[in-house]
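Going down the list, the sequences are from chains A and B. As numbered in this note's numbering, residues 0 to 251 make up the first sequence, in order. As numbered in this note's numbering, residues 0 to 251 make up the second sequence, in order.
Since no wrong hints were added, every one of them can be taken at face value.
Identical chains blur together in the list; that is why a pair holds if it fits in one copy or across any two.
Derived SDA-like pairs: lysine to any residue, alpha-carbon spacing no greater than 20 Å straight-line: (1) K53 to G197; (2) K245 to L154; (3) K53 to G9; (4) K171 to I249; (5) K245 to R144.
If you're looking for bench data, these hints aren't it; they were derived computationally from the structure.
Number of protein chains: 2
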Amino acid sequence: MNILLTNDDGILAPGLLALHERLIQDHQVQVVAPEMEQSAVGHAITLVDPIRIKPISRNGRFFGYAVSGTPADCVKLAVTELLAVKPDLILSGINLGANVGLNLLYSGTVSAATEAAILGLPALAVSLNTFFNPDFTPAAEFAARAAVLWPELGLPPGVSLNVNIPALPREKIKGAVWTRQCLTPFPETFTRRIDPRGNVYYWRGEDKKPEHVNGLSDYTHLAQGYITITPIKPDLTDHLELSRLKNHNITL
Amino acid sequence: MNILLTNDDGILAPGLLALHERLIQDHQVQVVAPEMEQSAVGHAITLVDPIRIKPISRNGRFFGYAVSGTPADCVKLAVTELLAVKPDLILSGINLGANVGLNLLYSGTVSAATEAAILGLPALAVSLNTFFNPDFTPAAEFAARAAVLWPELGLPPGVSLNVNIPALPREKIKGAVWTRQCLTPFPETFTRRIDPRGNVYYWRGEDKKPEHVNGLSDYTHLAQGYITITPIKPDLTDHLELSRLKNHNITL
Chain A
0 MNILLTNDDG ILAPGLLALH ERLIQDHQVQ VVAPEMEQSA VGHAITLVDP IRIKPISRNG
60 RFFGYAVSGT PADCVKLAVT ELLAVKPDLI LSGINLGANV GLNLLYSGTV SAATEAAILG
120 LPALAVSLNT FFNPDFTPAA EFAARAAVLW PELGLPPGVS LNVNIPALPR EKIKGAVWTR
180 QCLTPFPETF TRRIDPRGNV YYWRGEDKKP EHVNGLSDYT HLAQGYITIT PIKPDLTDHL
240 ELSRLKNHNI TL
Chain B
0 MNILLTNDDG ILAPGLLALH ERLIQDHQVQ VVAPEMEQSA VGHAITLVDP IRIKPISRNG
60 RFFGYAVSGT PADCVKLAVT ELLAVKPDLI LSGINLGANV GLNLLYSGTV SAATEAAILG
120 LPALAVSLNT FFNPDFTPAA EFAARAAVLW PELGLPPGVS LNVNIPALPR EKIKGAVWTR
180 QCLTPFPETF TRRIDPRGNV YYWRGEDKKP EHVNGLSDYT HLAQGYITIT PIKPDLTDHL
240 ELSRLKNHNI TL
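Bound conformation, chain A alone:
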């Protein structure tokens, strides 16, 4: 397969390199990824600034472009300008830290996959549920497996897959489950500080766990030790509410 590899942790991130090492065993891989870390940029795109690219080649087997933009910029630019052939599959990751629940909205990793789906291309976002001492091997292995199985899944254009891998040794992972995105809000915190010049500023606080999570979802399954797979699409419409409200007239 022709695979386009991207991420939001930046082109030098170890998670991308680990996935690259695994994929080049079986596939043609090109990398188009942000020059710098772009975590939590969500589905941002660059409108008012020029986007610069730097061709990158390493060890004679890592080829690609470092892009001065967001993950969504990378996918758009790769597909419309940089790649000679359309990729068969776009892989985003391996992200350091899970992308489950409402964090999908903030995730550059997931947005790269959604952007690919918007362009009508198959895409898979892969995240590993740890920030410390990551072993990317099971995640890279699962991504490689999903890539090969892709045609069997029969996914329609516009749908991509969001995959999360527990940070466990391979033999402790309980299997892979298809599951929905968790919609329970997580507690938000900010830390207020004063700088040496007397000005107030805030740090966004660490993610806290919610006290209660409703039903089974990517969040709960991942916590239980399962690989989670969620089919996602860029449709924000609440179709249930839409049907209910259709006849509620608001006049100007």
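For this one, chain A is given, so just place chain B on it according to the hints.
Just chain B now, with coordinates in the frame of chain A:
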């Protein structure tokens, strides 16, 4: 009502000021908006940089904070730190330019409303379908009307409304319709240039219209001269595909 007003065009944007002027006729309004334009930042949040705030007061009737972050940052920070009381409603806009179709994914205006919904608060994003010579009056009037009608709509927590207003004189607007988000991809273009130092860079091209759009949606209704209202929620799961794939096993 206690209303929180925000946007993605920045706290000095004329669309925000027009909406503020209309809302203070009937409500308590506080403004927490980005210090600088944040268009197309999508649902980005600020993780690695400190977030600064500047208290703003003008003419004795405009009170608020300019925030060195994204629209999502503004809403999070306003609700958890800056406002003494939780707002009854969060309004985002009036944005210069429509937010319909897949652009919802890139829109800071819409993300502010989604963020409010994540925090369990009612929210309305309002955009005007023009970039030139905007007359914000019908949009401000409709937003004010929707704000008052809000309790009647019975929207559950987690759902917000995305509203687009045609750039037409009030008497030419055909009415307001409830409609879904258009999912037809728009053609993407980039312009490649060389800078005076010989380096390649790209500009993202202007939005082009798609050749064919499937079915009725926010995109088509707005083009026909209707105000569009779309209930949206931060659920990216493709539930149809999820049911179909549930028994498709992928082993590690």
